[in-house]
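A.B. asks: Which chain is which? The protein sequence lines are X and P, in order. Going by the numbering used here, the first residue of the first sequence is number 9, and it counts up by one from there. Going by the numbering used here, the first residue of the second sequence is number 9, and it counts up by one from there.
There is no bait here: all hints are sound.
Note that the list lumps identical chains together, so a pair holds whenever it fits in one copy or between two copies.
List time: in silico EDC-like cross-link candidates among lysine to aspartate or glutamate, alpha-carbon distance up to 20 Å: (1) 105 - 361; (2) 244 - 194; (3) 244 - 130; (4) 379 - 164; (5) 244 - 132; (6) 156 - 114.
Hints in this document: simulated from the structure, not taken from any laboratory.
There are 2 protein chains.
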Amino acid sequence: MPKKFVVTPWEVKGEVDYDKLIKEFGTKKIDDALLERIEKHAGELHLYLKRGIFFSHRDFDWILDKYEKGEKFYLYTGRGPSGNTHIGHLVPWIFTKHLQDVFGAELYFQMTDDEKFLFKRDIDLKTSMGFTYKNALDVIACGFDPKKTFIFSDIEYAKTLYKIGVQVAKHITFSTAKAVFGFTNENNIGTIFFPAIQAAPCFLPSVLKGKNIPCLIPAAIDQDPYWRPSRDVAPKLGFYKPAQIHCKFIPGLGKGGKMSASEPETCIFTTDSPEVAGKKVMNAFTGGAGTVKEHKEKGGEPEICTIYNYYRFFFEGADKRLEEVFHACKRGELICGECKGVLAERVKKFLTEHQKKREKAKDVIQDFMLKD
Amino acid sequence: MPKKFVVTPWEVKGEVDYDKLIKEFGTKKIDDALLERIEKHAGELHLYLKRGIFFSHRDFDWILDKYEKGEKFYLYTGRGPSGNTHIGHLVPWIFTKHLQDVFGAELYFQMTDDEKFLFKRDIDLKTSMGFTYKNALDVIACGFDPKKTFIFSDIEYAKTLYKIGVQVAKHITFSTAKAVFGFTNENNIGTIFFPAIQAAPCFLPSVLKGKNIPCLIPAAIDQDPYWRPSRDVAPKLGFYKPAQIHCKFIPGLGKGGKMSASEPETCIFTTDSPEVAGKKVMNAFTGGAGTVKEHKEKGGEPEICTIYNYYRFFFEGADKRLEEVFHACKRGELICGECKGVLAERVKKFLTEHQKKREKAKDVIQDFMLKD
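Bound conformation, chain X alone (with noise of 0.2 Å):
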């Protein structure tokens, strides 16, 4: 019988399937002709996408048409203010980066500190709108083009964002936002509004700049509802739909789930010391057998291990090495300790970079947030 899973904005339970997800949602899978025209754009394949961290798309395909005839597109993603920043987050970040790289596209950073306030009982306004500033060190310190980049706050830029989200708005009833978002009555006005927003940015350059430009949106797939009313919306107001492309979750180091910060032993934050981001790494749940003399003999299972898995998102860029941790798992050669270990460190490591111009991102906030 196959396990259940749950993927929604909200919620992410389960072992995930990812293939049946592209069935229920409804997107596509980046297949091999896809991977060789990004190739050739990009020069070499990114490592997210050599290993299916980034699988499925919608409409990408027409995103690169437009490209090659000429075309710009630009990038539109964001992130929920309602804490520090974990690992986990960073993965759509740098990716993003690398798209403005190839494709020299501007992105649209969207801070919903007023979703955040919404619809999280305990967060006040100034919390959600404290961690705006915070994130978006982390976000600069991806490495962005300052000129080629804006991020914003939903409550700071409401003046313009509010005019596009009411022209959105009158498109949506609530029968369909309940259907889409699983609003109920007990819902406050202001989350149920709140997708219009979400929606803003999908064509706020258009509106900015006064022309029809192409929107691609990288984010986790279970983001992938909230774009779905603005793709039916789009043509009613004269632009294009928007184009995303989809990543999987970055597993967390407990048994099970993405990573959360809401279970914050089972996250590395961007904010965590390098001492302990390394105990957390020491004590995360691994593939390995119940004892090292079992593991020596049967061998681990790298496929469920939170350790293998922090290799393949993010701390082991040669795909040979990869390999190799895989297989001497699997045939009981590399002690879980040992391989813990070097992660560790590797952690420990790009923490103090991190770190470093995430401190250096507080001298320049102001050439990615004051744009007007």
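Chain P: place on chain X using the hints.
C.D. replies: Relative to chain X, chain P alone:
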């Protein structure tokens, strides 16, 4: 059997029993004791108070308590800019101007161009935002003090309103909004959020100035439901509940119902040429008998006469003369043609003057609308 009537923010139908409405809505009648208190401050009671046109309130006595203890209040009223202004709209504005003069109160005037766009199928955003500016000219022509008056478009001022709106919205569920505003599943999600934007000016000056300031809303009684959730939410946000003072509806020139822009022949628009307006008056429904002969014999019914009501609301300042008109009509001595002729002249004179002021308003509109 009592006649049926309906009063909601979107519909006024039938012959309104205002005493019944006070009970239904749970507001208070403006009684003699309150009138005396107001008279002390105003020197003389405004026509609209003497004639019971402003007739109901919530906490206006509390506003006076505050004022008498030296705590200033501000005024908040507004307009849904979906078309040209007619003189029915001027009634609460003229009274608001009077309150500004008497109490030295600041006025925050909200143009709900978002509302009109969201609620009316056939109106685009350009149109409603356009009427924001056209209608503002009529507001300014009423003589408000530019130093104490801020007129704003919801769309243009969303930067600040949205930030307050989400804080209100968090405390209003769809259930509550359904009960108060009659929303259904077919409402678009913008209309559902809109009450939070309409509530925002109840707290706007307090937010801008960083202290709790009492708010008084002069408006027609049909708008009362809009501020019920605001009054519930106010203490949760740490603000005073907004007080209100309510007026009756100025009847249209047709038989029954309030003046409504959807029946232009029953409305005198501030943009009508004096000739056109004069003709509308001459074609109005009156309380006269079928023929002049019959009228002279039986007398007329000023109670149901639109012409008489126009004297009462607007065009006959002298109480004694108004009473004479009433009785002369009753006795059949005053013929409709004559009565309409006098009113038509007064309407023409009023429009000529108003249109001059409206023209001048174009030169100073920025003093009212650009405050940041």
